[in-house]
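Participant: Start counting the sequence shown at 3; every next residue gets the next number (our numbering).
Don't read these hints as lab results, they were simulated from the structure. We put the beta carbon where it would ideally sit given N, CA and C, even for glycine. Treat the hints with care, as some may be off.
[Said to hold, decoys possible] With a Cα cut of at most 27 Å, we get these calculated DSS-like pairs of lysine-lysine:
1. Lys636 to Lys131
2. Lys769 to Lys661
3. Lys845 to Lys834
[To be verified] Just the calculated beta-carbon pair ranges, DEER-fashion:
4. Arg476 to Asp128: 28 to 34 Å
5. Tyr268 to Lys371: 15 to 21 Å
6. Val538 to Gly837: 34 to 40 Å
7. Val860 to Arg405: 40 to 46 Å
8. Asp566 to Arg334: 48 to 54 Å
9. Thr423 to Glu527: 51 to 57 Å
10. Glu882 to Asp546: 48 to 54 Å
11. Arg387 to Asp546: 35 to 41 Å
12. Glu882 to Phe491: 47 to 53 Å
13. Ala634 to Glu882: 44 to 50 Å
14. Asp566 to Gly24: 35 to 41 Å
15. Val538 to Pro753: 44 to 50 Å
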Amino acid sequence: MEKAYDPKPIEEKWYRLALEKGLFRADPEAGGEPFCIVIPPPNVTGSLHMGHALNSTLQDILIRYKRMDGFNALWVPGTDHAGIATQNVVEKQLAQEGKSRTDLGREKFVERVWQWKEQYGGIIIDQLKRMGASCDWSRLRFTMDEGLSKAVREVFVRLYEDGLIYRGHYIINWCPRCQTALSDLEVDLTETEGHLWHIRYPMAGAQAGAGAAAGGISVATTRPETMLGDTAVAVHPDDARYAALRGRKVLLPLLEREIPVIADLYVDPEFGSGAVKITPAHDFNDFEVGRRHGLEVLQVMDGRAVMNERAGRYQGLTREECRKRVVEDLERQGLLESIEPYKHNIGHCYRCRTIVEPYLSLQWFVRMKPLAEPAIEAVRDGRVRIHPCTWESTYFEWMNNIRDWCISRQIWWGHRIPAWTCKDCGEVTVSRTDPDRCRACGGAAIEQESDVLDTWFSSGLWPFSTLGWPDRTRDLEVYYPTSVMVTGFDILFFWVARMIMMGLRCMGDVPFRDVYIHALVRDAEGQKMSKSKGNVIDPLVIVDRYGADSFRYTLAALAAQGRDIRMSEDRIKGYRFFMNKIWNAVRFIRMNLEGWDPPPAAAEAPEPSLLDRWILSRLADTIRRVREALDACKFNEAAHYLYQFIWHEFCDWYLELTKVDLAGGDPRSALRVRFYLHRAMTVLLKLLHPFAPFVSDELWSHLPATAGTLPRAPFPRPEDGTPDPQAEQEAGLVLQVITGIRNVRGELNVPPAEQLSVSIVCPDAGKRALIEALSPYVRFLARLRELEVAAAGSRPPQSAVSVLEDVEIYVRLGGILNFEEEMKRLDKTRDKLGGELDKIARKLASAQFVERAPREIVDKERERQQALLEEERRLLRNMEQLREIAGEGSAT
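Build out the structure end to end from the sequences listed, making use of the hints.
Facilitator: In structure tokens, the structure reads:
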């Protein structure tokens, strides 16, 4: 066993061996309660980022835990074809060759994309393996493989036959650069500094200048160029200001077209003038208002966001050029009343960052209300549980206000919509198989729809399509519904909700029982990571630097439900020290187990000492806490309990205490200690394995009598320890005594190598006997030269005191400390602390700093202030005690 822990060769060795032995494979015939997770499929274009690292780590912890706990555990891996993203990548490659997709044609272009996928699409899978993901890689799926393509077509046809898929002209998100419709998830809303233009629409007709209509109507807009497509001005039905104008007409500026003034509840009377322009072809809300009032729909832009012939003299201008020209012309005509700064969200294409255009086009849609209602009920009645439950209200709000889903995309890479239009009679045929003739007229002149399906359509089927649906497979029979979906909150609606809807529709049951929503990974200051800020932490760099186990443990330890993770290398470095601690603990145990053979399984365990009983009791409590936390998906709590036990109770206490017995010369005591060291460590490595699989695998191989492989070893149960409240209470007293002496050392700056003389006064005979019985351990761990235990006594001269209820501990310091020099040191430290506190106080007293500095920086300064104040209070206590000791122990 190497002296130093080196993660890289360990990770490579144990992952390779796990794959060779098939340790991650699931067998539907193996029996046991099924536990199944389907991985949220990363895009084939992607590379591992912090979100992937967190998501895969949490899933891996769960699947390893359940696999060890006797469940028939299956983790299904896969990737998503990512229609727009992948097509963009290949188009960029073609552009470098001086070509475009149209040069190749559809068939050749799709072949080129498949070639790219085969060459580069597995990169993120390899990266997930480096994180230790224990997926059943024999079941690796892809959203466009043969089985999933069959499932996609089956669902499309079923929904179409049930009247839930239709085709029509509706307004959708459109990317002028990618030339395709986008889902809501593919639109990134970015807060932008813009303007609000206030424009006067004159009244039309002979009485235009009379009475209330004298000034016309003022409307406010953030997009003046779209006014060319206005077909109405709307006011609120209860707005008395415009009561006389409802039903009248105004003159559309610049184009001088008459449009009506209508009343609609959509209008907010408090916004702007209380009157809004209605452009049904270029705004989602206006489109619905137009449908309610039967308004004309005028599209004034083409698919590239260039003004068309309906824009009049502005035809041929880009939307940006048109906006500038329209504003200039309005100002020239005296119709531009004012311009004010206005901050609002503007949608951008998630791939190319082009501003998205609300656009009217012929698209395929899914009617969502009939699908949403049973999905709402499934969460309401607890068939699907969302963790944390605070996300349920957001889920219900979105589902209750759901809109029909535009599922068609104007690209070539994806599942081509299985619909054929007859050129002779116009009939549309939707079919599970490719037809050769029109079903209506029998003509052969049929052409398949050129659009492909939204990527989310295929990923919405993921929990059952990956298990073999629509075929009735054994995997589907055993593992559906799956157990838990681990995902980020940003796709709760766009993916999770659709999986619930599709699972209920196609399978008659929910796709999973629990949904665990994890938070974002941010930088150390709480800022969202982005390349532009330069604060991105690359997971693979971290793995190379600190090891996958240290990184995984950090992610788990910080994954509190409902709270974003603040990630820094210092945190990861801290858990790297934790891995070193465990490594060194096993080296110590292994060294002391040389030549030791564990007793046969049937033999009785040696009679445990009080300290053995204590560690077994604490171990039983840790097992219970870790299991309860993992069952509740409280990963941070499970990691915390395990860390605290291993580092503090097992390593800092029990290992150190066993050194007394191992060096004491009594063979029976040494044999007993070896037995319980081995027993405790084998349990700890099993507990550790889901969090840190590589180091636990390696250490397991170095302990004697550890049969089998750790990934298949039984996960500890509370009975693997022995709850013993009496042992915890009795041992706890002795540990407190040692801690009290150590605290005096630390607070008064006693040299660590200095052996001390200590007197303990304890009137309770039982406690006194306990301390005396364990005095060898107290002497060893507290580094004592002398230890006296008495029922009564007074404070010795020049001694520090530590009190534990009815136990008084006196530490003699005469001849050990130079009290005068120590007081000088403490005075200097106090002066330094005072200077730092004054500096922080001045900073926090500055209104300019508190109001203008980022909130995280201000909070950090306040936290630093509190820490320094606590340090100052502790310093003052130490100085007071030192003065008292220097005064021959006399009372003050």
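Participant: Next step is simple, just say for each hint if it's right about the structure.
Facilitator: Results of checking the hints against the structure:
1. This hinted pair checks out: Lys636 and Lys131 have alpha carbons roughly 24 Å apart, not beyond 27 Å.
2. A hinted pair counts as satisfied when its Cα atoms are at most 27 Å apart, and Lys769 with Lys661 qualifies at roughly 23 Å.
3. A hinted pair counts as satisfied when its Cα atoms are at most 27 Å apart, and Lys845 with Lys834 qualifies at roughly 17 Å.
4. Taking 28 to 34 Å as the suggested C-beta distance range, the pair Arg476 and Asp128 conforms, at roughly 29 Å.
5. The hint said 15 to 21 Å for the Cβ distance between Tyr268 and Lys371, and at roughly 20 Å that hint holds.
6. At roughly 37 Å, the beta-carbon separation of Val538 and Gly837 lies within the given 34 to 40 Å, and the hint holds.
7. A hinted range of 40 to 46 Å for the beta carbons of Val860 and Arg405 is consistent with their spacing of about 41 Å.
8. The given range of 48 to 54 Å is respected by Asp566 and Arg334, whose C-beta atoms sit roughly 51 Å from each other.
9. The hinted range of 51 to 57 Å is satisfied by Thr423 and Glu527, whose Cβ atoms lie roughly 56 Å apart.
10. Checked against the hint of 48 to 54 Å, the pair Glu882 and Asp546 passes, with Cβ atoms roughly 51 Å apart.
11. Judged by the Cβ atoms, the range 35 to 41 Å given for Arg387 and Asp546 holds: they are separated by roughly 38 Å.
12. A hinted range of 47 to 53 Å for the beta carbons of Glu882 and Phe491 is consistent with their spacing of about 52 Å.
13. The beta-carbon spacing between Ala634 and Glu882, approximately 46 Å, falls within the hinted interval of 44 to 50 Å.
14. Between Asp566 and Gly24 the CB atoms are about 38 Å apart, so this pair conforms to the stated range of 35 to 41 Å.
15. As the Cβ distance of Val538 to Pro753 is approximately 46 Å, the hint placing it in 44 to 50 Å holds.
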